Amino acid sequence: MKEAFAGTLESGDILVRIAPAENKGLEIDLESTVAYQFGRQIKTVITETLTGLGINDAKVTATDKGALDCTIRARVTAAAVRATGKDVWKD
Amino acid sequence: MTMNNIIAQRAALVEQAAAQMGKNIYNGTREKDQTARTENQKEGASSKVCTLEEAIRKSGLKDGMTISFHHHFRAGDKVVNLVVDKLAEMGFKNLHLAASSLQDVHKPLIEHIKNGVITEISTSGLRGELANEISRGLMEKPVVFRSHGGRGSAIANGDLHIDVAFLGASSCDAAGNACGFSRSENAKSICGSLGYALPDARYADKVVILTDDLVQYPNTPNAISEHDVDFVVEVESVGDSSKIASGAIRDTKNPRDILLAKQAAKVIINSGYFKNGFSIQTGSGGASLAAVKYIRESMIEQGIKASFALGGITAHMVKMHEEGLIDRLIDVQSFDKVAAESLMNDPMHKEVSASEYASADTPGSATHYLDIVILSALEVDVNFNVNVLVGSDGIIRGAVGGHPDTAADSALSIIVCPLLRGRIPCVVDEVTTLITPGATVDVVVTEYGIAVNPNRPEIAERLKAAGLKLVTLEQLRDHALKVIGQPDPLPFGDKVVGVVMNRDGSVMDVIKNIKE
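Here the protein sequences come in this chain order: A and B.
Each residue of the first sequence is one higher than the one before, starting from 1 at the first, in this note's numbering.
Each residue of the second sequence is one higher than the one before, starting from 1 at the first, in this note's numbering.
These are computed hints drawn from the structure, not numbers from a lab.
These numbers come from a predicted model, not from an experiment.
A virtual CB, placed ideally from N, CA and C, is assigned to each residue, including glycine.
Check each hint, because a few of them may be wrong.
Going by beta-carbon spacing under 10 Å, a handful of chain A positions derived as facing chain B [stated by the list, open to error]:
hint, residue
1, 2
2, 5
3, 6
4, 11
5, 12
6, 36
7, 61
8, 63
9, 90
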């Protein structure tokens, strides 16, 4: 795994950075404009998306601007594909 | 009788009359002042023209007293920071700052609150870093929020007593005749109407006018009369006029706002109130300001003219007035430079005080004659209650403004808001903070449909007949939740950081601090 990004800082989007894990497990560092009401939910979506792709160890840094769950899933998947080189859409 | 006797008898009668009236007898010794009167208007010669520091000293301001300001320069205001910096420098403490509203630009007040210079605030709104800090519990005493009409009432009835008002004006003469524009060639600023400053000028114990254009007497026509003014202070700048039309009152290019504006226009046209001689107001917020553009065409097509447009007056309103579509403009606040210049040049463009605009207890206030108002919202709940003050993140980020005043007094109040702002729902179960009670709200327009208050079945019928899609607020709320998921509750603390007053002077709601 190498460091990779997906997404933007536009309103309604999320910028996701995935990097090799420093410790075991998923470490998620989230900054969100809707953190109070949706922080928990955003972290759950990121975790579920990554584990669904078989990624259990990674450092994730996400800057959210109010993205919906579908957007979060898409950005996390794209970042994971870039980070691992494994194209989940093709394979 | 000899001549001498006649004179003596008259003198005796004068003496007798004076004695009966308890007055002195004229002694005829007063000398003529030969100074050219223009000399008398200069600083030092006029009894009113002085420096800010002298004005503060002479005003008798003491620790613990109430000072007031207007917000006609909005984000361009320079008076609040200038005066409070000076008060801090002079060592004042525990002052109550009663502004008609506060903006992002008033961030320096944070330091003055921390240092104990300002310990109480009354305002219509708070924005930016100051709002952020106060929402987190910066102040010991809660900020008191009033509507514009409510503030007018509170000042008039003594609920909000002002000791010294510091009022910025774009022109003022040495006697204190002031207004929100200047006709001199040295004009530096223009804000148009001084409506929110007029209750302060009338009722404050002492009034200090700050001006960046000290003009020759007499400054006419004037908004504030010399009768109400104690001191006149010339300053470099009272405000940056180019920053008035910013923030909540910018012209929108957002396609969703334009869609909402078009829908609101359809509601108006089919509401039953769109008749010759109707009156209209638009609140701040892109969609409500833009709605007026879209009723213009129907007015021309159907030959309908408005008797007056009220409130924050914009360039769009001025244009329609000049086209003959709106007969009169009643202006408590000029929302842009075009409106300010129209107020200066057009006698049909009338300036009103906050009380004459929207006070519940002023029988002649203009809102009582208002047919239609279009307003924006941060949140609407399923009971039609509206919040325009506290964001869905629990942070204060807006202003009460004239929202509850116009909603209550108008024949038809229309709220325009999107269903979602990013991931934040605008139609909710219960508003974070109650600003405008649902009983006064008639129609809610969103991009996913229009909801009509069940109290107004006749309006629902008219809109349905016109082919508009009606939904319930419950349906809109559910639709929002389906898209965004169920939000977690906000982490409010136990400290009350704000108190919301109803326009009748009763306490309507409180705002609690938000925890980190």
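Hints and how they fare:
1. 2: 30 Å, violated
2. 5: Check failed: Cβ of residue 5 of chain A comes no nearer than 21 Å to chain B, outside 10 Å.
3. 6: Check failed: Cβ of residue 6 of chain A comes no nearer than 18 Å to chain B, outside 10 Å.
4. 11: Because about 6 Å separates residue 11 of chain A from the closest Cβ in chain B, which is inside the 10 Å limit, the hint holds.
5. 12: Nearest chain B Cβ about 6 Å off; hint holds.
6. 36: Since the shortest Cβ distance to chain B is 5 Å, the answer is holds.
7. 61: 19 Å, violated
8. 63: Check failed: Cβ of residue 63 of chain A comes no nearer than 13 Å to chain B, outside 10 Å.
9. 90: Because about 30 Å separates residue 90 of chain A from the closest Cβ in chain B, which is outside the 10 Å limit, the hint is violated.
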